[in-house]
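Asks: Here are the chains, one letter per residue:
2 protein chains.
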Amino acid sequence: MAQLDIRDLSGRIMAGERRALARAITLVESRRDDHRDAAAELLEALATDREALRIGLSGTPGVGKSTFIEAFGCMLTGQGKKVAVLAVDPSSARSGGSILGDKTRMEKLSRDPNAFIRPSPAQSQLGGVARRTREVIQLCEAAGHDAVLIETVGVGQSETMVAEMVDVFVLLLAPAGGDELQGVKRGIMEIADLILVNKADGDLEPAATRTCADYAGALRLLRKRAQDPPGFPKALKVSALTGAGMERAWVEMRDLATWRQERGHWQARRRTQARHWFEEEVRQGLLARLAADPDTRKLMTELGESVARGDTSVPAAAQQLLDRFSR
Amino acid sequence: MAQLDIRDLSGRIMAGERRALARAITLVESRRDDHRDAAAELLEALATDREALRIGLSGTPGVGKSTFIEAFGCMLTGQGKKVAVLAVDPSSARSGGSILGDKTRMEKLSRDPNAFIRPSPAQSQLGGVARRTREVIQLCEAAGHDAVLIETVGVGQSETMVAEMVDVFVLLLAPAGGDELQGVKRGIMEIADLILVNKADGDLEPAATRTCADYAGALRLLRKRAQDPPGFPKALKVSALTGAGMERAWVEMRDLATWRQERGHWQARRRTQARHWFEEEVRQGLLARLAADPDTRKLMTELGESVARGDTSVPAAAQQLLDRFSR
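Protein chains in written order, with my numbering: chain G, 1 to 327; chain D, 1001 to 1327.
Wrong hints could be hidden among the right ones.
[What the hints assert, rightly or not] Computed spacing ranges between beta-carbons, pair by pair:
(1) D:Asp1005 x G:Ala47: 52 to 60 angstroms
(2) D:Asp1034 x G:Asp8: 52 to 60 angstroms
(3) G:Gly62 x D:Gly1080: 45 to 53 angstroms
(4) D:Arg1186 x G:Arg309: 33 to 41 angstroms
(5) G:Leu241 x D:Arg1254: 49 to 57 angstroms
(6) D:Glu1044 x G:Asp228: 49 to 57 angstroms
(7) G:Lys224 x D:Ala1216: 44 to 52 angstroms
Keep in mind the hints are simulated off the structure, nothing from the lab. Every residue, glycine too, gets a C-beta built ideally from N, C-alpha and C.
Based on the sequences and whatever the hints tell you, model everything.
Replies: The structure is reproduced here in structure tokens:
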């Protein structure tokens, strides 16, 4: 990346220039020190009160997530809204990233001038993915998007991570046999605001109805949360194929957000999220400094060898290194 | 914990005193600074060439893991061996720990004087769990155990974490319908040395045979690893209930370990593991120092508020804090 004019770049992002946004994302995803500094400066310059509805979307492979996002995104852009889609998928990031195929999976949406699709950043560490994604969300908000969809595959802790950076968390499911209810971990149910049972069309319609009723029942058993209006969390049927229920799903998300805004829950949640993000950023930043310091790296290698030979115990070696680095 | 005589404690651990071992584990699991120092000193004092076979055991709830460990452990103690069982389960640790019921789940083994069972440490962070578990493994080895079994539920990254601290990784499965093969993530298959299909008894015997054959087929499709003797990774049937296949499973683990020892793979793997452990210990230790420093904590709270109010951007606030802490 050549000489950067941060003020110019931030102006062009705010004006909604796609190329400027893409460039800024590349900047925040870079690990280079000078890029990190520039990214920090850019985010500081972009601090605006523009806010998008941040929607987390989780669903295991096979539930039709791409098809859903394609249909949902096109519906929103059809209403004149600007939509950004970000992918968070640590496992595929690790294996090289099948998710790079995002744009081909969402052919229509990716050609839509009011949609912006960004695949998962190539970071192997969950913490690293989270850092970038949060910054990219801010960039997308500054660029004037009305909705930012953060999709994740249901792998390990990625859902919790995504839930901690969104306003509304949606769980997408496929119609299933009754006993598959157990397949969804309780922890995921507990963070969901909306469960959407996709593929409610054709032969699968009856199964979708049943699955939806099962989850609605399961949701009623969960403990009531202060930030939920009556009737939430909710389970609904949708069909990304026919479009059935898609508008309703959007209305529910928006109404939920409005309800929370009017009662201050939304603001409180964003404040908490910002605080947690900051603390995480400090931790990640500290580890990055550790890794970047040449003297530390050299000592790390030496002590690592000593530990591998069995000459030094791990805690003793670690203490030795830390005393040198932090003091 | 009162005044500690590290030399005395280490002597009693080496002599195989159970109470001394339990006390040492409590010490390494403590977060108190003086305990951390004492733990480091103890591990340094205990550095011996006593080595146990470290066996990782993964299996989702319902595969009969407790029953398997009970039967497997009792079989080994019956042969005069000393066995330690450690649990690593970040998710249950988080929710308060159903795993505390371990000892009641393994009634016979827990009363066996040659067995030592330790539930999951109450650490919410995966990194924290790993740190303690590695140290506890070393304590168990110093205490003269022949086998250390580290069990984990198949949640997120905990399997990878356990695989990185053992010599042999075993995946325990229940008999299932053919299409459930997909339920086991490819990543888990790739780290398994041995797949054991449990419950190969009574009505489930035919299903177990089928499942075993399915997995044997799937394993043959994986890329060959240098550290595997011919025929490995392998899938076998066992029944913790009748004991069928249990002796064979142990022999396979032992033969695998011997093969790897004779060719240096075992030693190379342990060296790499020690190096990684050290690096991870440095990272965790650094974060602990960050959290422990009172000035940093105060500034963290102040900057956190500033970020929550929207007065400072997250990267700028993080940089400010880090410049104060590290330098």
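Asks: Hint by hint, note whether the structure agrees.
Replies: Results of checking the hints against the structure:
Distance hint for D:Asp1005 and G:Ala47: a CB-CB separation of about 57 angstroms, consistent with the stated range 52 to 60 angstroms. Here the CB-CB span from D:Asp1034 to G:Asp8 is close to 55 angstroms, well matched to the stated 52 to 60 angstroms. Checked against the hint of 45 to 53 angstroms, the C-beta distance between G:Gly62 and D:Gly1080 comes to roughly 50 angstroms, which is consistent with it. Distance hint for D:Arg1186 and G:Arg309: a CB-CB separation of about 35 angstroms, consistent with the stated range 33 to 41 angstroms.
A beta carbon spacing of about 55 angstroms between G:Leu241 and D:Arg1254 agrees with the range 49 to 57 angstroms that was offered as a hint. Between D:Glu1044 and G:Asp228, the C-beta spacing of about 53 angstroms keeps the proposed range 49 to 57 angstroms intact. The hinted range of 44 to 52 angstroms is satisfied by G:Lys224 and D:Ala1216, whose Cβ atoms lie roughly 49 angstroms apart.
Of the numbered hints listed earlier, not one is contradicted by the structure.
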